[in-house]
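*Asks:* Take the two lone chains, each set in its own frame, and fit them into one complex as the hints suggest.
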Amino acid sequence: MRRRTAFAVALTATAALLTACTAEEQTPAENNEPIPGTLRILASSELADMKPVWEQVTKDTGIELRPTYMGTLDAIDLLAKDRAKGSYDAVWLASNDYLRLRPEAAEQVVSETPVMSSPVAIGVKPETVRELGWKPEDVTWSDIDEAVADGKLTYGMTDPSRSNSGFSTLVSVASALSGAQSALTDADVAKATPKLKEFFKGQQLTSGSSGWLAQAYDRRGDVGALLNYESVLKARKDLTVIRPRDGVVTADYPLSSLASSSQDVRDDVRRLTDALRTPEIQRLITQRTLRRPVVASVPPAAGLDTGRRRELPFPGNRSVADGLLDAYENKLRRPSRTVYVLDTSGSMEGDRLDGLKKALTDLTSDFRDREEVTLMPFGSEVKSVRTHVVEPEDPQSGLDAIRKDTQGLSADGDTAIYTSLQRAYERLGADRDTFTSIVLMTDGENTAGAGPDDFEDFYDGLTRAQRDIPVFPILFGDSDRAELEHIAELTGGRLFDAQQGSLDGAFEEIRGYQ
Amino acid sequence: MLLIGGVVAAVVAGRHTEDQGTATKTVRGVIGSEKAEFFADPDVVKALAAQGYTVKTEASGSWAMEGLDLKGYDFAFPSSQAPADELADKYTAQKPLPRPFYSPLVVVAHRGAAEVLAANGLATLGEKNRGTLKMAAYLDAARRDRTWQQLKGAEQYGELTGTLYIATTDPETSNSGALYLAAASYVANGGKVVTGDADVDRTAPLLRKLVSVQGAQQSSTDAAFRDFISGVGNPLVLVYESQVASLLAQDQSVDDLTVLYPDTTVNSDHTIVPLTEEGRALGELLSTDPQLRKLAVRHGFRPQGATAEFTAATADHTTYLMQKLTVRQAPVPASEVLHDMARRARGQTGDPA
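Residue numbers (our numbering), protein chains in the order written: chain A, 65 to 578; chain B, 1371 to 1723.
Possibly wrong hints are sitting among the right ones.
What the hints assert, rightly or not - Pairs of lysine-lysine, DSSO-like flavour, derived with a Cα cap of 27 Å: (1) B:K1426 / B:K1579; (2) B:K1426 / B:K1416; (3) A:K301 / A:K261; (4) A:K255 / B:K1579; (5) A:K149 / B:K1426; (6) A:K149 / A:K115; (7) B:K1441 / A:K149; (8) B:K1522 / A:K199.
To be verified - Okay, the calculated bits of chain B under chain A, using three or more residues with CB under 8 Å as the criterion: (9) 1594-1608; (10) 1617-1629; (11) 1690-1700.
Hints listed in this document are in silico derivations from the structure and should not be mistaken for laboratory results.
Just so you know, these numbers come straight off a predicted model, no measurement behind them.
By construction, the Cβ of each residue, glycine as well, lies at the ideal position given by its N, Cα and C atoms.
Isolated chain B, as found in the complex (with noise of 0.2 Å):
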């Protein structure tokens, strides 16, 4: 099995909406487990059951809720489009999509690190604690193997040693692994999206020099993120911004924390694949509920369409996020490319399995 098909409990107290009195529709659906906490946060089951609904959720990696069986549930909800796409088109679910949030993904530094980066040409930095990653700077330093020691500056960091490298979820396992190859064979194909074997054996030597430089990876981008807050782990690690964002809200202490933008990225998009006529329902209302817009906001989520809800509730932390986003969207592979690029870049070599 290569992609973690666990299911993590995420069950939502069913609720009567107390102005209403009537019972709610209880609707079930498989969600990515970056959005547990949303569905989980007291608020957002108030205001669920305002609209009449109750959510119950299981999380589950992205890239694995095609190979579990969802009869039964309303509605799936991965992180990005492209399994989504798939799933829709396993269960036959009508076209668009909901997309009620996105989220970019980041790299995490602290201030050093990133200075580093900064007088080195691979990154810019703007404000206090937020700069640019200039993706194509980078990959060219990783397939030259170029260590923290050769850049200079870096001797004044006792942490800033070895190789220079993003490190990363597990991409055949966690999506954020997976998106960070989309994003960076993108690159390394001359700003081409990688579609066919050609491609894929052109971008395959850089992408596997990615992942093997990091040896073990995390499984979940929640573990990478806590790692590094608490200091361990690379000087670069890769999460969703929505991991920063949230934090943030919650007027954690971020330390000398710094959010490189790669200039070019992917989106996370939290797309909604309705099984049902009610899981299509919650689709909209989650796209359009100003009330759970607010709230995804509280997670750190960008809501799609307006950008006015992210940027007030992100007005005091505009010296950590780049309240517009100005870097550029690389297209994600289909989900079979992406699987194919995932398991060359782990390479099977090494694997006893």
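For reference, chain A alone in the conformation it holds in the complex (with noise of 0.2 Å):
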């Protein structure tokens, strides 16, 4: 698979997500030239199971669909930041509900129209539900909160700041368990602090993708749960999918014109629209995708129970949004800790090094409170080890620290990749109250200490608990793909683009995972 990832020059968080889950040749935004009889569709990542369904479309109707695949949060800051206007023609996003509370976002988009729906839900291995004593169609969010503080359920979910799937259920829980009536207010969420730190203490995986969730899910085999959209969940086969029967928030997947478009492309978004919505697509996308119809005449594909569900109402404003986000990140979740195992070796020298140290300068904005934070510059051998915590009284003093460490990096010395590595496992151990991982930068290939067979050996050593840890390897100057993708491989990571993004979107997407 080839990443196209120069869009990432521009838009950091978003570049690499669209590789995250399908092979097809992503088209930069920037050349993203229009094109007469095609639209150029900015789409949530999860639709890019949608192509049998976009190409029976395009048969019916002659029009050509270009999809670029974003996350949802993503693709409305595009949106708000005015970067949308001219590279594309229609927004296909799983809700409209956080962008219509950015109003230079909101106002940039035009006839919306929903085209399928999907639940939040909470898909749980069959053995659980019967441990659990569960009648899968009573559960209340209340009742999965229990079970996490018992201690008998674990769960993966993606991250709220980037996945829209992560967003939706954190609304969901947090207006369930404060017990809101109504739309959430920030007094709601103050209220249920204390019973949303206990929720969230079960949750084991942490992800910035859907399709990666599902592969460390599968990995790890302890975790108990998923929670995302009942039609991820319902795919996999292998889960018990429960839409708790006190609310959940559904994604509603509007196609909407772009305010910027020419009449006739408008025309085109129309025609579009009115041929998802008949009766033979709305049947195809049922079957292929398992989201629910929105035409009566239309039934839910098998297995997707009719039951009716409260609506938890999305907030009706931004302060309680991002507030709640705040909250999820800073109070609510475990929170991360990260060794950051970077390469400052001779090659470094220059421009490499200065991007280096811009690029992680720029990243501690985006460090969270309480999050752990190690960094473990190398060349021939570890060269020190700085810790810094982001304290919640003063997350100043932890970051100007990473900051001033950051500026005294220097470049000399060889390649020493995986001893590097090796200390960075040592030094971690195992710790179930956050989410560790090691990131790996390096701009050239291993050339001292141990090799790949020696850490493939110290890898197969360590306890369980250590061997959860993933190595997010980036691809940064003249590095081995092939190496690092191993490294991935093994330790259950995933591999960041900076050859052909940048250095920063790379840190910076990576957040999702930590």
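*Replies:* Structure below.
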């Protein structure tokens, strides 16, 4: 799979997501020139599963579709910054709820038409359902919370700051556990904080994308459940999918025109919308993607329970929505604990080291309260190990210290990748109360210390809990893709590309996995 | 920008009448989006062509039309009289304005929810799929933050929990959401239309509550109705009767949908603002041409004047539709007042913008 992430230069966090779930070539937005008869669609990443549907619609209408996949919240950011104009003809996100809270993004879209729907759900291993004695149709968010508090249930979910499924889950959980009877308020969030803290103790996996979350879940094997859209969970077939009885937030996938488009283009978008809502296509959608149809004459695919659920109201203003996200990142979720294994060998001298310093310095504004950050620069061996914690009482001093250490980095020596990784694992030990990971940034191949086979032996000798710590390698400079891909695969991590994209972009994207 | 100025293309292809063999006159108009399907209907295109017209339309929020430059257009066709009157003043269009058809606001619910409302004195149910929503009782419940759990009978339905409210579109951008505030404020103001600051102040807290409990609101009535039909969303949703009637006319299955007519409602008066002579002629045509009136009914609208067409066309659906409207029509406050009410109901405090 070739990555095309030139786009990342302008738009850091979004770039590599494009490649997360499809092997298709993606076109960088900057070169997204209009083509008559083709609609350029800015689409939520999970819509990659709509390919067979789109093919049929193209056959029916003659309209060619060129999707660019992106996390929903990143796409909204793009709209808000007025960067979609001229590069896209239509927007198709999981939901426009959050978009509406940002007027500068909302005014870019017109004529939203829901095309299909999927509620937030929890997919639980059938044996766990039995152990808990649950009747799936009766389970509430409080039941789930209780199972978590009793230590009987753990789960994985995507990062709400990046993924709409994570955000919808967060809103569902906060609404249900706060006992809010109507749209969430700041007071509801504050009141529910202790309960939510308890609930999020059960979160064992976080991810910037649904695809990697599923992989990590399979690899771990000891996590009981996944929180995601019903369609994603149903597609796995190995989980009992529960829509909690006390309510859900539903994605309704509105297809929207861009206000900046010409009349002809908007007419095509309308034709596309009409085609998507014909009974034939609605049937195809529900059967192929396990989302629910929006026309009454088409029943949901077999296995999708038709019992009604309360729709939990989505926050009506941005301060509540962003306040909830902020609480999640800085108070509710497990803190992250990361070792940055940073290549500062001789070859980094000059622009590369300057680039690294800038990228790391910029990244500090993104660190969350309670986060533990260890900088481990290496050359022929590990040069220093410096650990800082972003203390909620005084986040600034931790961040300042990280910046200071970053500025002090200097380039010399060979490249001892594996020896340094071993040091990182030794340092981390095992800690179930944090999201623990290692980021490996290198600009070259391994030239000193332990070799790949030594590292594999070392890794095999680690405890089970240590083996659950993934390495997220960053491809940069002259580093070897195969070598880094192997490290990612061995440790259950994921490779990020800063050769075609930028170092800033890669660091930023990894945030979703920490 | 408060109002969606977005314009949706609904260009009706120019056609020549087959029988007359003469070129048709092209008239251009800006219309409320709920009429886009009407103008795009091939039979409507044909009927207009038979009368010598090719109509090109663009859709816009009714309350956004006053922000558009209508130079070059022959008519504007908002969904309410208030924005129409404003446009008429601005462009010195001659009154009275043609009002070819209208449609009352209704609340859709599933049968279970409707029965719970009826059992608790908030509604009466007559026909199988139809009833009346008692607005005063509903507003009283809203004022007291009543939840579904507090209503007897709700426990049979898992989805009936949380605050009792009617989900509407955003009153700042969408006509139906604004008309909902018009109806609610009329009832809350003791059966008098809200006119001045004192009235606005008095009704503001209740309206604010009706809106804030909803959280994020849909921006179009079409989307809200779609969600309801697909089983998503709040148990009670405010839509136009025409949306329900149009669906029924297409013989689409509507499950156990129940139509609740608020006992005080507001009509969406689809009013033409003629900007040229051609526009005026088109307005007259839409009001009087039997074929076009019939087609309007097919799209769920009620033609002005005689009720025979609507009655005949909906004969099979009387269990859903109240053919002869026996509910009270609240007048709509002046545009400026309604804008103010909507703005205050949405609340500025939580908005970071």
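*Asks:* Indicate, hint by hint, whether the structure satisfies it.
*Replies:* Here is what the structure says about each hint:
no. : hint              : result
1   : B:K1426 / B:K1579 : violated, 41 Å
2   : B:K1426 / B:K1416 : holds, 13 Å
3   : A:K301 / A:K261   : violated, 30 Å
4   : A:K255 / B:K1579  : holds, 21 Å
5   : A:K149 / B:K1426  : holds, 26 Å
6   : A:K149 / A:K115   : holds, 25 Å
7   : B:K1441 / A:K149  : holds, 26 Å
8   : B:K1522 / A:K199  : holds, 25 Å
9   : 1594-1608         : holds (count 9)
10  : 1617-1629         : holds (count 5)
11  : 1690-1700         : violated (count 0)
The structure shown violates the earlier hints numbered 1, 3, 11.
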